[in-house]
Each structure stands twice: as structure tokens, then as C-alpha cells.
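**Student:** Each chain, written out:
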Amino acid sequence: MLVLKNLLRSRAGAVGVAMLALMLAGAALVPVLSPWDGYALDFGAAMQPPSLSHWFGTDNFGRDILTRVLTGALFDLRIAVICVFGPMAFGTLVGLVAGYFGGRVDAALMRLTDVVWAFPFYVLVLAIVGVLGPSEANLYIAFFVVNWIGYARIVRGETILIARLEYIEATRVLRFGTFRVLLRHILPNAVTPALVYAMSDVVLTVQAVAALSFFGLGVQPPAPEWGILIVESIDYMREAPWMTLFPGLAIVWIGIAFSLMGEGLSTALKPKG
Amino acid sequence: MIQVILKRLLMLIPVLIGITLIGFMLLQVMPGDPASRAMGTRASPEELAAMRRLWGLDQPLWVQYLYFLRDCVTGSFGVSIFHKVPVIALVAERLPFTLGIVAYSTLIALVVALPFAILAALKRGTAVDGAIRQVFVALIAMPPFWLCYVLILWLALGQGWFPTGGVGQGVVQNIYRLFLPALVVGLSTAALIQQSLRAALIDTLKADYVDTARAKGLTGAQVFLRHVLPNSLISTISIIGVRVSWIIGGTVVVEKIFSVPGLGSLLIDAIVARDLPVIRGLTVFFAILVVIVNLITDICYALADPRVRLE
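Just so you know, the sequences run in chain order L and P. Numbered by the UniProt record's numbering, the letters in the first sequence go through residues 1 to 273 in order. Numbered by the UniProt record's numbering, the letters in the second sequence go through residues 1 to 311 in order.
Since the hints were derived computationally from the structure, they do not count as laboratory data. A couple of the hints might just be wrong.
[Said to hold, decoys possible] With the Cβ distance kept under 8 Å, some of the chain P side facing chain L (calculated, not the full set):
id, residue
1, Ile13
2, Pro14
3, Trp146
4, Ser196
Predicted model only: the values in this text are computed from it and were never measured. Positions of the beta carbon are idealized from the N, C-alpha and C atoms, including for glycine.
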């Protein structure tokens, strides 16, 4: 809650939150407000350009694109949030332990991050999904395997810096338990830069999830996931460019929203002085 | 200088071993038996047994790893099930296109980023600076695979200025034909370079030697071109080095969409065909490529900045 309050105080952060909220509200209200069904076929209404009744036009099956794009937000945002904040929780824990205790665990973690970071992100994610087979579950596995490392590395670095500070020394004098020091006194401070990083991670993850689905390796049709909407539009791109344009703009919208939130967070959480 | 390079080369050995280990684990985590997964249901038990022998799947795990390590060290990177040739033979045909796009896109990124970084640094804190930042934020927010189609729709199908994909003969033709794919990769790199170059320029403008140069009586433009810009550009080399893995990864999607016969389309084709040795060999090769390019940028950095050499 405190984070949200800080976030809303900066203009960039407030705009970002508003953009995200608007998208979520649209996704939540679309079953109530939209006169159209995102799945039902209506060949009589196929490939209509944007108009007052179909704001974003219709696709080759006569489905309303605005309805499908907003319904798709639930897929893309759910997957992106799981694929970013799941690995973030795990990576933060590993980074906290490695940074605080040092030694072999820490050395092993550093070598592991060096090696994993040599692999281009898209190559590793594609290879893992390619080996496991295309499905939404395997997409989660691939993102977990790749994404936690960045957080572990960031939180480790922060933990090492914070553990040297005087107030952590004080907890030793007070004979606080290690567990309490780590979770109550180091974690809240060490997690801040990880949170800023997570915002840009969401931007890239939304794109990667859509790209994998686009290549048939992630979410499977007929789900109105944005990558699927785009791949389904390619054959009709010439006659109905709005089919390609709007799902992509939805990704851009979410990308800008999270970039602004990241910008807002980093200014709001910067120590004053 | 030679010592620096030798030390870097020595440090590479554990990283390279780690890369082959991860490549090896990639097929180990796969559910089921790799041979039957690869051959499908049509294979007879004899064929499967032959496949297992060929891949060494009847051997203990560490022996299997040594086999794979041998394949990597001897340079074959395994044998494709689908093409029936060593992975390296497939890589050799396609590498020039991928490296070409990497170099071309980095050039485009510099051309796009440089003027905006300078403008933003000189007008820092103003509306111009803010507007430039927002444009680049929007640029990062565009998914590359979608941007490919927007550009195809607009510049290839609409204006007819560029082909919708494919490659031609020779360098000159490919500079034209690969412009759109390189542009898509370059625009996302440009955003990174613009941000870091702007910060570097602002830092350099505050440096003491810049004041000294002004005190000597050099004009603003002279100070900027001779002192501020060259020193700021050095830091951009290291940014490109850090981001090279991202740039190379970015070529994968773009190559497939523009039908460029590079490593990226090879990877996606191998995934679709479930050609497991190619997926593994290529993944390892990509990582080695990143490590080599990283090494080259490190050396360039050390050559450009004497302070690095003295460390």
C-alpha cells in the first residue's frame, strides 16, 4: 500500500497506474458492457472496418476486436504477472540468502548467473519451450527458469551493501534471530531495486509471451491472447489492417503503463537528500 | 594489453563449460525418452535402440555429457535428425546473415540514438528532453514481432519501398533487403543506447577537463566534438557489450518473420520440427557467440580507454 501511495505521488507513476487500471476495468467490464461475444462467429459481419458499433472493427470471423482485445488482457496480464512476480519471489529469496551468508552458495550463484546470462533471453525461452513442447504450462516453466536469476543478482548486491550498514550491526548487538533480521530488516530495503526492475521485466515479458503464442509455442487458440490475435490477422493484413494493429497497440499500451510505473517507482523510492 | 586478453580468455573456460552443461541439461529435463520423442511413434524398437546407441543414451549420464562436450569441442555441436548433417554445417550457412543483422542493426541504433542523446543531454530537464524520453519509452513498448508487420504493412505493402522479406545476392543488395529487419532490431537497441549515452554525456559535461578545455578558449562546439562526445561514446561500447545477448536474441523473431535464412529462423524451424540436437547445439552456439562478441567489445573498450588497461 505504501508502495502504491509513493507511486501515485509521481506524475509518471500516476499516469502508468491509470493506464493499467483503465485496461483492467475494460477487461472486467467487457462481458457486461460489450454487446458482442468475443467467441461467437458471425460471418455476415466479417472484416468490418472500425465504426461506431465496432470501435476496433471485426475480424475474419465477424468477431468484435475491441471485445477480444479486452478479453485478451486477462490472459496476457495474468501470464506476465505470474512469469515476473513468481521468479521475483524465488530470486529475491536466493539473493537474500546468498548475499547475507556469502561463501560457497554465493560463489555458485554468481557462476550460475554468469553462465545463464550468456544465453540470449529469447533463445533460452524458445529452446526450453521447444524441448518441453508447446503449452501454457511449459511457458511458465521456461520463464521461471530464465527470469529468477536477474532478481537473485540484484537482491544479492543490495543485501551485501545493506548488511554492512549500522542498523544491521545494531540488530546483532540486540541478538535478533537471523531469520528476523533477513525478513524484517534487510528484505524491505533490498527489494526496492528489484521492484523497479520488475516493471521493465513486465514490459518485456508481455512481449515475449505474445511472441511465443504468435509462433504457436505458448497459449493456444481460440483464446483471445494478443499474440494469437496478431498471428490470426496476418493473412488478412492487407484487407483488414485493424486486425493486426489493435492487439499490438494493446501490448504497447501495457508496455508504456509499466514503463511509467517503473519510472515513478524509481523516483518515488529514491532516498531523499 | 596482451595480459589483459589472456586473463579474459582464461576466465572464459569455466563459463564455456557451464554453457555446455546447461545445453546438456536442456535435453535431460525433457519428459520421456529423447529417442522416442525425436523419432515419433513410427519408429520400430530396433530403430529406437540404434538411435539410443547413436546418441549414447545407453551410457551413464556423465559419459553422455562427455560425448556432448566432445561434439562441442570438435565443433560439430551434434547431428541434425532432420537434415542429417552436423549442426555446425547448418550454422555456417546461416551465421553471416545473423551477424550481418547484428552489425547492421547496431549501426542503425547508433545513427538513431546519437542525435537524440545529444539533444536530450544539452536540453536536459526541459520539455524536449521529456518528449524524447517518452518517444523512446513507446519504442521499447512495441513488441518487435508486431513492429515487423507494421513496417511490412506500411513500407513494404503500402509504399512498396522494401521487399516483404527474403535475402538477395551480395552485400549491396542485402543492405537494401535487410533494412527493415535490421531497423526493428536497431530501434530497440537505440532506446538503450540513447538512455545511457544521454547519462554519459551529462556526466562528462560536468567533468573538470571539460572546464579546462573551455578555459583554454575552445568554442562550445570544439569542446563538445573533441572532448565530450568521444569520451561519452566509449561508455556506449560497454553498453553494447552488456546488451549484445539481447541484440542477438532479438534477431531470432525478426529473422523468422522476414524469412531471413539466419540462425534465428533455424532455431524456430528446429523447434517446430522437434529437431532436438539442433535445438541444443544451436542454443549452446548462441551463448558462445554472445561470449565471443562480449570479449571483442571488452577488448575494444580496453583499447579505447587506457584506464581499463591499468586496472
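**Student:** Compare the structure with each hint and give your call.
**Tutor:** Evaluation of the provided hints:
1. Ile13: 12 Å, violated
2. Pro14: Result: holds, 7 Å to nearest chain L Cβ.
3. Trp146: 4 Å, holds
4. Ser196: Not OK, violated: P:Ser196 not within 8 Å of chain L, min 14 Å.
Hints 1, 4 from the list above are not met by this structure, while the remaining hints are.
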